[in-house]
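A.B. asks: From first to last, the protein sequence lines stand for chains A and B. All the letters of the first sequence, read from the start, carry residue numbers 0 to 523 under numbering that gives the first Met the number 0. All the letters of the second sequence, read from the start, carry residue numbers 0 to 451 under numbering that gives the first Met the number 0.
Hints were generated in silico from the structure; no laboratory data involved. Please note: incorrect hints may appear among the correct ones.
[As the list claims (entries may be wrong)] Label-pair ranges, simulated between beta-carbon atoms:
1) A:E145 - B:Q11: 44 to 52 Å
2) A:Q134 - B:E421: 52 to 60 Å
3) A:E179 - B:E421: 25 to 33 Å
4) B:Q90 - A:T25: 22 to 30 Å
5) A:F50 - B:K203: 47 to 55 Å
6) B:P417 - A:E76: 21 to 29 Å
7) A:Q77 - B:P420: 33 to 41 Å
8) B:P391 - A:H141: 35 to 43 Å
9) B:H230 - A:H493: 47 to 55 Å
[Unchecked claim] Listed below are several chain B residues computed to face chain A (Cβ distance under 10 Å; list not exhaustive):
10) D24
11) L35
12) D301
[What the hints assert, rightly or not] Below, a sample of chain B positions facing chain A; criterion: calculated Cβ distance under 7 Å:
13) V81
14) P82
15) S84
16) E104
17) T109
18) G304
19) F382
For glycine and all other residues, C-beta sits at the position ideal for the given N, C-alpha and C.
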Amino acid sequence: MIMFKEDRPTSPEPVKEAHMAPATVTGNRALMLEEALIFEIGATDTTGVDFAEAPKVASRLGGLERKAAIGLPGLSEQETVRHYTRLSRQNYAIDLGLFPLGSCTMKHNPRLNEKVARMPGFGDIHPLQPQSTVQGALAVIHELAEWLIRLTGMHSVAMSPKAGAHGELCGLLAIRAALEARGDARSVVLVPESAHGTNPATAAFCGYKVEDIPATPEGRVDLAALQARLGPDVAAVMITNPNTCGLFERDMKTISDAVHAAGAFVYCDGANFNAIVGRVRPGDLGVDAMHINLHKTFSTPHGGGGPGSGPVVLSAALAPFAPLPFVEKQGDRFELVEEETAGEHHGGSFGRMVAFHGQMGMFTRALTYILSHGADGLRQVSEDAVLNANYILRSLDDVLDAPFGGSGPCMHEALFSDKGLAEGFTTLDIAKGLIDEGFHPMTMYFPLVVHGAMLVEPTETESKAALDQFIMALRSLAERAKAGDEVLKGAPYHAPRRRLDETLAARKPVLVWNEPEKLAQAAE
Amino acid sequence: MRYLPLTDADRQQMLSVVGASSIDDLFVDVPEAARLTGTIAGLPPHASELAVERHMGALARKNLSAGEAPFFLGAGAYKHHVPASVDHLIQRGEFLTAYTPYQPEIAQGTLQVLFEFQTQAARLLGCDVANASMYDGSTACWEAIGMARRITKRSKAILSSGLHPHYVSVANTMAKFTGDTLMHDAPTLEAATDIDALIAGIDKDTSCVVVQYPDILGRIADLTPLADAVHAAGALLVAVVTEPVALGAITPPGEMGADIVVGEGQSIGVGLQFGGPYLGLFACKQKYVRQMPGRLCGETLDAAGKRGFVLTLSTREQHIRREKATSNICTNSGLCALAFSIHMTLLGERGLRDLAVLNHGLAVQAAERLAKVPGVTLVNDSFFNEFTLLLPRDAREVVRALADKGVLGGVSLGRLFPDAPELGNGLVVAVTETVTAEDIETLARAIEEELA
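Pulled out of the complex, with its shape left as it was, chain A reads as follows (with noise of 0.2 Å):
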C-alpha cells in the first residue's frame, strides 16, 4: 500500500486557561452541581407518589406483617427530578461525543428505536398472555431472526439469551448437547489468546477444561498450534473474529476445517460482527455457533452496563439442540413453542435459559435499527466503520506504537501500545488526559497479548471532523507522554473527580451506605 501521511491532522497549542478557578463554598462549580446521596437528602416519610385510599380489609398476610422499617429514604418528585437529572450530568455518554472504545462498539443510539420499544404494545404486555393477544410481538422475534439468520448465513437462531456473555453460554451448552447426542464426551475447549475475557470462564462454567493457543506476532490466531493440538478430547475452539487485535482471522476457513475434521464444533464470539456485517457471513467460514450484541452491531442503549442482548445464530448441527422457547411460523399465524415437542427441529433442545423470551425491548430497538440502514446501510455500516478505524490507525501510528500496523489493515478497531512512551508514563496516563481533552478514553490493556494497549473503535457513526479532534487530542497526549511532561500523570484535572482510588474500594469495601453514627460505633 502506498501512504499519503500529509494530509493528517495536526496538533495545535494548548488552549491557555484565563485564571485559575478560585474555590466554592458549596464545592459546586456553576452548571456542574455536587449531589448527595438520598439517603443524606431524603426522608422515610417523604414521597414523590399519591395512591388511592386501600380498602379496609382483614389482612390475608399469613401472620407476617412487616414490623421493622425498612430505610428506604424517600424524595418529592421534583427533588427526584433534580438528584436524578444533576447526577446524569456527572456521565459521559455516546449522546455527548465520541466514545472509542475497542470491542464495546458505541455507536449513536437512534431516538426512534426508544419510541418503538415504548409503544403499548410492545413495552405494555405481558411474557404470559394468550398468544392470540401477542401476535405482533411474536412477529418481531420472527422478523429480527430472519435477518439475523440471513446476515450471518447460519441455520437458525436462538433469541432468549440476554448478554453476550449469556450467549456464549447458549452456544456452549449446545456445542455440549450436541456432542452428548451422539454419545462423545469431549473434556477441552480452546480459547485463542485473543479471545474474549468472557470466553475461557463460559468454558469452564459449562464443565469444561481451558487451553490457550497462541498468538503469531503479527497478530493471529497460530493456526499449526491450533491444528497441532486438536484431537478426540477437542470439544469447540472459541474464536473472535474479526479478532480483539483488531485483525481479520484471514485462517478462519481452514480453521474451522480442521476443527470439523476432528469431531469438534467452533464457536466464535460475534462481539466484532459490526465489522463485516454486510460483507461477510460467518456461515461461509464454518462457524457453528456466534452471538451477537445486538447493542453493539445494531444499536440498542448501554444504559451505564446494560441491559444487553445476546441472540445466538448456529449452524444445522445445532440448530435441534438450541434453547426454548422459540418462535415457529404457520401459515400466517406465529406460535411461542415453550415446550418440547416431537417434529423437526425438536427433540433436542438443552432446556431454557431464562424466564420468559429474552430480552424484548432490545429485539424492538435492534429490528428498528436494521429496517433503518437496510441491506444497502448494513454494508455501509461495516465499510465506514473500518474506513474510520484504518484512518485512526494511519493518522496515529507515526506517534503511537501500532504493534500489528504492518499486519494488514485493521477492521473497525485500531489497536496502539505504550511502547516508546517516556520512562514512567503509561496508558492510563493517555487514557486520562483524554478525560481531560473531553473524550471518553479508548479501551485500556486488552487485548493482553498486546503490553499497555489501547483498542480504539470509533464506529461508522463519527463524522471526520469528529475524528479529526479525537486524532488531534491523541496525538498531542502521545507527544505529551512521550516528551515525560509530568503534568499528565496528574489527569484528569478537569473531570468530576480526580483519579479514584480502587485500591482503597478494594481493600475496604463499602458497598452500601450506613447511617454515620452506625459507622462510628464500629469504629469504637
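Got chain A; can you put chain B on it based on the hints?
C.D. replies: Showing chain B alone in chain A's frame:
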C-alpha cells in the same frame, strides 16, 4: 442512511490518508470465497423514519396491551403504575447512552446510582449487601445456587415446589452441565406450603434450599424454621422474591435467616416489556460477598480527597480470573437498575408501604369476589397480591376464552406446569394498584359466563 455522517468526499479523502484506492482494499484479508458482493438477496433496502415507524406500529397494534384490558396476569411479571418521571429520567442521554462505568472519573452519575441501588436492594431484601444487578430473577436464582455450591462445596440443591417453574427450568438447564443435583416436585393445590417437606429433605450433601416468597401460587410462609433447619445442616437458604412490592408489607427473607436473597425487580420501575429486559436482584450476608457474582460498586476517595464511587472487587470477575471467575456474567441491567432506583426514591418507605397495602387490599377484595363465582374455590389461606383459584375445568381454555372477550384474566397453571396435568384447573390471578373495582367485577362476570 441518516445515521451515517461520512460523505463520499470524506470517504475518498480518508482512503487517501489510509493509502487505499478503494474500500475493498481494506477487506483484503477476507478470503475471496467468503466475500459478499452486493447486498444480500431477499433483504430490503433502508427505509425512512416514517416508514419504519409505520411498520413497527402496525405490528404493535396486533398486540393487546395490558392498559387496554382488565388485566390480572402475574406469575413473575407484574403490571404496576410507573410514574412519568421515571421514564423521563432514564431517557436522559447521559444515562441512556453511557457505557459501563470503567472510567469512574466521568461515570460518577451511574456509579452513585448503583451505590444507592445496592443500598436500596439490600435494605428491601433484608440483607447486608447487594450487587449492581443481574440479567433477571431466573438467572439470579441459578447464580445463587452456584454460589451456594462454591461456599458449601456441596452440590445438591433442594428447590421448593413453590418456585417459579421457569426458574426451575433455568436451574435444570445449567445443572446438566455444572453437575449440580436438583431436587424438585411440582406443587400441590393446597393452602399450605411445602416448608415441612423441604426440611425433611435436607441432608449432609445439601448445598442450599431454594424457596420462593410469596410462592408461585401466591402463598406466604414463615421461613424461620426452614432457615434454622438449613443452617443446622451446614447449608444455605436461598430465597427468591418475584414481587418485590410485597416486601413493603411482609417481613423480608433476610430477616428470617435467608443467606442469599435473589429477586426479579421488574415490578418496580421497569414495566412488562413481554418478558425483558428485566432486573435481577441479588443480595446476601456480608461474609459471602467475595463469592457473589456480578458487578459491585463501592465507595472510595479521589486524589483530592473527595468521596467517589468505583466498580470494585473485580478480582472475582471473568476479565481478571478467566476460567477461575465466580461467574461468566459480564454485564448488569444498568438501565433497569436506574429505573428501579428512581421509582424507589419516588416511593420512599411511606410510598412503598402505601403501595403494598393498596395492592393487598384490592387483592383481598378480588379474592373474596372471585371465590363467590359458582364452582370456583380459592386455594390460598395467605397471599399478598396474587392468589390461585381452582376452577371446575382446564384453566388454559378459560384464559383463552376470556382473552377473546378482551379480558386478560390470569395465568393458568397448565401453561406454567405442562407436565403436571393435575394442576390444569389452577388459575393464578394477580391484582395490583392498576386494577379497579370494575375490572374485578368484569373478570368475575366473565368467568361466571364462561363456566356457566
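A.B. asks: Taking the hints in turn, state whether each one holds.
C.D. replies: Evaluated hints:
1. A:E145 - B:Q11: 44 to 52 Å: 35 Å, violated
2. A:Q134 - B:E421: 52 to 60 Å: With Cβ atoms ~31 Å apart, the hint is violated.
3. A:E179 - B:E421: 25 to 33 Å: Because 32 Å falls inside the window, the suggested range holds.
4. B:Q90 - A:T25: 22 to 30 Å: 28 Å, holds
5. A:F50 - B:K203: 47 to 55 Å: 49 Å, holds
6. B:P417 - A:E76: 21 to 29 Å: 45 Å, violated
7. A:Q77 - B:P420: 33 to 41 Å: Violated, since Q77 (chain A) and P420 (chain B) (Cβ atoms, about 55 Å apart) do not stay within the stated range.
8. B:P391 - A:H141: 35 to 43 Å: For P391 (chain B) and H141 (chain A) the Cβ distance comes to about 37 Å; the hint holds.
9. B:H230 - A:H493: 47 to 55 Å: At roughly 52 Å between Cβ atoms, H493 (chain A) and H230 (chain B) fall inside 47 to 55 Å, so the hint holds.
10. D24: With Cβ-Cβ at 7 Å, under 10 Å, it holds.
11. L35: 5 Å, holds
12. D301: It holds, given that the least Cβ distance between D301 (chain B) and chain A is near 4 Å, below 10 Å.
13. V81: 10 Å, violated
14. P82: Holds - the Cβ of P82 (chain B) comes within 7 Å of chain A, reaching about 6 Å at its closest.
15. S84: 6 Å, holds
16. E104: 4 Å, holds
17. T109: 4 Å, holds
18. G304: Result: violated, 9 Å to nearest chain A Cβ.
19. F382: 6 Å, holds
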